[in-house]
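Student: For the sequence shown, our numbering gives the first residue as 1, with consecutive numbering after it.
In case anyone wonders, no lab produced these hints; they're calculated from the structure.
Straight line, CA to CA, 16 angstroms or less: simulated EDC-like cross-link-like pairs of lysine to aspartate or glutamate:
1) Lys132 <-> Asp16
2) Lys130 <-> Glu13
3) Lys130 <-> Asp16
4) Lys177 <-> Asp117
FRET-style restraints, in silico, Cβ to Cβ:
5) Asn43 <-> Val145: 20 to 26 angstroms
6) Ala320 <-> Pro34: 22 to 28 angstroms
7) Arg124 <-> Asn43: 33 to 39 angstroms
The model shown is predicted, which means the values in this text are computed figures rather than measured ones. Glycine included, C-beta positions come from ideal geometry on N, C-alpha and C.
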Amino acid sequence: MAEQLIVRAELIELKDDLSDVLPGGMRVPVQFNPESFKLSYANQIQAQPNASSKAPPRQAGRGAGNQSQGTPARQFVGAGTTKLTVQLTFDVSAATTDTFLNAEGKRQSGSVFMIDDVRYVTGRVLYFMKPKDPGAGAKDASQRVPPGLRFSWGKFLFDGIVESIEENVDFFSADGKALRASMTLNMIQQTILVPAYDKAVQVTRPQGGAAAGATPLAKARSGQSMQQLSDSGGGGGGFGFGVSASLDVGGGIGGGVGGVGGAIGVGVGLHPGAGAALGAGLAVSSGVAFEAGSWQRIAAANGIENPRTLAPGQFIDLAAQRPRIVTG
Numbered sequence: 001m002a003e004q005l006i007v008r009a010e011l012i013e014l015k016d017d018l019s020d021v022l023p024g025g026m027r028v029p030v031q032f033n034p035e036s037f038k039l040s041y042a043n044q045i046q047a048q049p050n051a052s053s054k055a056p057p058r059q060a061g062r063g064a065g066n067q068s069q070g071t072p073a074r075q076f077v078g079a080g081t082t083k084l085t086v087q088l089t090f091d092v093s094a095a096t097t098d099t100f101l102n103a104e105g106k107r108q109s110g111s112v113f114m115i116d117d118v119r120y121v122t123g124r125v126l127y128f129m130k131p132k133d134p135g136a137g138a139k140d141a142s143q144r145v146p147p148g149l150r151f152s153w154g155k156f157l158f159d160g161i162v163e164s165i166e167e168n169v170d171f172f173s174a175d176g177k178a179l180r181a182s183m184t185l186n187m188i189q190q191t192i193l194v195p196a197y198d199k200a201v202q203v204t205r206p207q208g209g210a211a212a213g214a215t216p217l218a219k220a221r222s223g224q225s226m227q228q229l230s231d232s233g234g235g236g237g238g239f240g241f242g243v244s245a246s247l248d249v250g251g252g253i254g255g256g257v258g259g260v261g262g263a264i265g266v267g268v269g270l271h272p273g274a275g276a277a278l279g280a281g282l283a284v285s286s287g288v289a290f291e292a293g294s295w296q297r298i299a300a301a302n303g304i305e306n307p308r309t310l311a312p313g314q315f316i317d318l319a320a321q322r323p324r325i326v327t328g
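Please put together the full structure from these sequences, using the hints given.
Tutor: Spelled out as structure tokens, the structure:
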């Protein structure tokens with residue numbers, strides 16, 4: 001199977017005017033791609049006084065005034081803002097050497113996260129929060145601004161500055177070192193950012209192929225193996241058992257037992273009068289299918305090299321290449 005590398009999001013330092021990437025600037029790849037992000041758009045609107053709605057001086061203090069005069073006019077007075085909110089997770093206890101692609105499409109090793117304290121990584125993210133000293137040619141030496149930042153993930157780009165960061169450390173080593181942290185990054189751009197797409201790209205898929213996102217995926221937890229995920233997430237087959245019985249007024253008794261993927265029927269008929277007849281039948285339906293949740297096959301189908309330790313937050317398709325045995 002061809003090697004498929006994951007493209008990870010990256011934080012990239014920009015020039016102060018956000019015009020381009022700063023040569024030699026800070027670059028921080030994310031360890032786990034975010035599950036989602038939120039974009040917020042807002043216009044700056046100010047209510048303008050409406051002269052026709054002003055009450056004469058003699059009516060001042062006599063209630064709400066004449067409501068039939070209309071509401072104050074509203075005027076667009078600013079360029080508006082666009083905000084990005086995204087949560088990033090870093091876990092050095094789950095770091096691997098797996099190769100990924102950065103924002104430039106270059107291969108990079110996950111060993112950059114194999115360190116003893118996660119706050120080394122989160123500190124690099126906080127770099128974008130701290131204002132920089134103005135340059136030598138700055139007109140106002142007291143004016144300091146945070147570094148320009150680009151959040152890049154595939155074709156999604158967001159350029160702006162950091163408005164706020166929240167850091168939550170929730171896992172520590174025995175000697176008190178921080179191992180896992182989540183950061184909520186809030187960025188802002190003083191304009192309305194509209195995606196610049198000329199036209200949508202038509203996507204084709206094989207006949208009968210499922211649409212993107214149609215297959216449910218299971219999310220691995222920290223320290224979970226492929227076998228544990230398969231057992232807990234529906235990777236194994238199912239078992240069913242049922243019993244039904246009915247009594248006929250004419251003296252007939254019937255019963256049925258259903259097992260896994262098959263049906264067994266036993267019938268006994270008693271006919272009073274001239275004599276008694278006993279009949280029994282056993283039938284197993286043809287084309288019975290049994291599903292086996294072989295975690296080794298699921299791991300191979302998902303391209304997982306080390307099924308004993310999954311990366312936290314990794315999504316697995318438990319239905320991929322499941323073995324199917326058909327009899328009949």
